[in-house]
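Given next are the chains, with one letter for each unit.
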Amino acid sequence: MRILAPSRPTTKAGPARKDFRWTPYWFMLPYLLFFLLFRLGPSLAGLGISFTNWQVAGTTKFVGLANFQAMPHDTRLLDAVKNTVVFTALTVPLLIVLSLALAMLLNQRRKGRTFGRVAAFTPFVMMSTVIGILWTWILEKDFGLLNMYLGRKIPWLVDSDVAMYSIVITTVWWTVGYDMVLFLAGLQDIPRDVYEAAEIDGANKFQVFRRVTIPMLAPTIFLVVLLTVTNSFQVFDQVYVMTAGGPGTATLTLVQYIYTVAFQFQKFGYGSAVALLLFVILIGFTLLQMRAYRRGVEGVGA
Amino acid sequence: MNTNRILGGILWYALLLVVIALSLGPIVWMMSTSFKPEGDIVTINIQWIPKTFTLENYRNVLVQYDMLRWTVNSLIVAIAATVLALLLSSLSGYALARMEFCGRNSIFLLIISMLFIPMQITVVPLFLLFSGFNLVDNYLALILPIGANVTPVFLMRQFFLNIPGELEDAARVDGANDWRIWAWIVMPLARPALTAVAIIVFLSTWNSFFWPLIVTQTDASRTLPVGLAQFMSLRPGMSMSAQAYGKSMAGAVLASIPPILVFFMLQRYFIEGVSKTGLKG
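Here the protein sequences come in this chain order: D and R.
Quick note: the first sequence uses the working numbering, first residue 29, plus one each step.
Quick note: the second sequence uses the working numbering, first residue 57, plus one each step.
The following block holds chain R by itself, in its conformation from the complex:
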């Protein structure tokens, strides 16, 4: 019996180690490469820990590319989009969940049905719309479409369906109107849901690539993912030398720090958020 338990324990730790090594190994390798001088990147032996540490790659990437600007663009867009989505979804989600009005169910069904329509169908008209208003390469083109996201509305409605009605009734008896009830009673209650929505919207905007690739043209509005893709403008195996990867990895490390930091700080909400919603944003 006892040997069985010991064997089980060894097996557990062995499997756990494999999972951790496979998950984090590539990330450690990315960091390791980013600190190596050019000559050490192409050694024949695997060097997990750089023999000589250098920050040269970081200096190069920051000098040659406008990474700072991309980061600022990404931050502005992601924060603005998150605020916009929180405001729109908490208002509409509240009405859809707690108010009776003509057409409520049809409107909700219409909104939800958009989950089935891939965004690739909307990109051509959206691009024509924004270029018609001369807003290509403008923050607005990156921010405004996020306001129409369906997921936040769905999540907020879901949350509001499950709050007890007594508080609202009491406030109504005291003479508060719907706006006051929403602002002073309901919104403070909704903090967990708002946090989940904020994380989902922020992260999906921060990481989004397809639409920003289409609608940004210069560093003025280029976000981090689009900017980083330029590292690969020389195709691998064709002309990009292995030495150049030091610089690419330095850029990749810099771009990964914010989301990984946010993830470790808000880890609990993250995993809860994903498992409760099963949605990406």
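Just chain D, same shape as in the assembly:
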């Protein structure tokens, strides 16, 4: 996804050769075979299948836009879209604020900062199913760690009003260290003399943060927002383990729904159509964000 960040690498040409040679194609061939067979091909096929009624029984035929026309009447799908949007709207701001705060804290030259960084990153190296199992236990109603500390009996995963918050808390704990590392890299790219200049001008800490750190960090913020939104829209593992989309449809997300439709009901056509909907949402958001970013950069540059 770095390609989206504005710092595009300049392409240096290799040794110039005019005559046609086969060698480069031989270097490319092994990868291209895998790429065609397992990436490009399936992507195009997925597009095609979403216009069919392919399922485990019955004959498959082209049905045009029928799958998409059925979507507005599919209440479970509408729930899934709503839940995914809510999950993203809750998770992304939390993650951005917390990971930036963590990065600012642990970017100071003080004792123990490396340990702090390693600690904050450790949850991210654990596998999603372990995270799901661990937090199911922590959020258990009667003997879970969180409720014991709160001195309450909140039915975190069983009550449809709070279940989504449980997924949000789990996800933030799991991935905040990853975003922190991205922000740390961004902070370290800011040249020191910019800060020194601001100090000489008599700027206070808050002014430095608003007028120096945030604008200089804009490319990193852009990248982190893009990555967290993309990942939030594709949330699946934690949900599958912790609630399986329940109770009812309280935590049913888009990818959970794709999984259910395509692989439990084996409606391949409709499942692909929902995956295509996810793609359209993601690409729409990406384009929107790129436009906002470009406008922002122009605004600062002026």
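These aren't lab readings, by the way, just hints derived from the structure by calculation.
Note that the structure is predicted; figures quoted are calculated from it, not measured.
Treat each hint with caution, since some may be false.
[Stated by the list, open to error] Straight-line Cα separation of at most 30 Å, DSS-like style, residue types lysine-lysine; simulated pairs:
(1) D:Lys-139 <-> D:Lys-233
(2) D:Lys-89 <-> R:Lys-107
(3) D:Lys-110 <-> D:Lys-181
(4) D:Lys-169 <-> D:Lys-181
(5) D:Lys-295 <-> D:Lys-89
(6) R:Lys-107 <-> D:Lys-181
Here the structure of chain D is known, so what remains is to put chain R in place on it, guided by the hints.
Coordinates of chain R only, in the frame set by chain D:
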């Protein structure tokens, strides 16, 4: 002035402690629970250190589930996928960065454009493809698609763009062909990039869940994440009793040991790798 510095120091350590406690607390709790006998898991008071240590949970989880098999499956798949991705990406990345050929930029753009396409679009066709060849529940179905990953190609190309050309030129003057230059000059230089790619591919394969969940059906090919998800087949709050969490936590601890070990050993590369690429694999 001095009191300010002391106060700042106290605040720093207090915040640092909060960060460490919140990050590692749940992991310590997972370990703590895994060593408790069933009766102690449901005490009303919080017991961070088990009153009586027991390995019963570990014994139970290993007897009742084929965790060993899942682990071996995960290792085979992750190692094979890493080797495959390293080979394919170092060849294609080198050509894309250092060779001139017709269609180079279009091919690169086509490859990169796949980063925008969520993998959920590809899973149905991939599943139909592998089931068509009777390869569902087979290692190949787990390994081969990783070869098509875009990120390793992108990273290797990026690295090769920035190596100095003199070495290649000198070798060419000495009569070496492209294959020799790639194998004997370029690849040894690329060790840092290869390490970064290896870590990313290994870890993302080791942790991957969605595709293995779809394409594995028995313990013969089931990987660790998919196997572990079965612990939760009884839904929480419905029928899984709190006592049963001892066993789940033992399984979770066992599954976490390899990635955490790798992380602490290669910590430097990790954080560098993430920050340089901003990618997950």
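Hints versus structure:
Our distance criterion of 30 Å between C-alpha atoms is met by D:Lys-139 and D:Lys-233, whose separation comes to about 21 Å. At roughly 65 Å between alpha-carbon atoms, D:Lys-89 and R:Lys-107 are farther apart than 30 Å, so this suggested pair is violated. The hinted pair formed by D:Lys-110 and D:Lys-181 meets the criterion: a straight-line CA distance of about 27 Å does not exceed 30 Å. The suggested pairing of D:Lys-169 with D:Lys-181 holds, with an alpha-carbon distance near 5 Å, which does not exceed 30 Å.
Only pairs whose Cα atoms come within 30 Å are accepted, and D:Lys-295 paired with D:Lys-89 is accepted, the gap being roughly 13 Å. With a C-alpha separation of about 25 Å, the suggested pairing of R:Lys-107 with D:Lys-181 holds against the 30 Å cut-off.
The structure fails to meet hint 2 from the earlier list, while all remaining hints are met.
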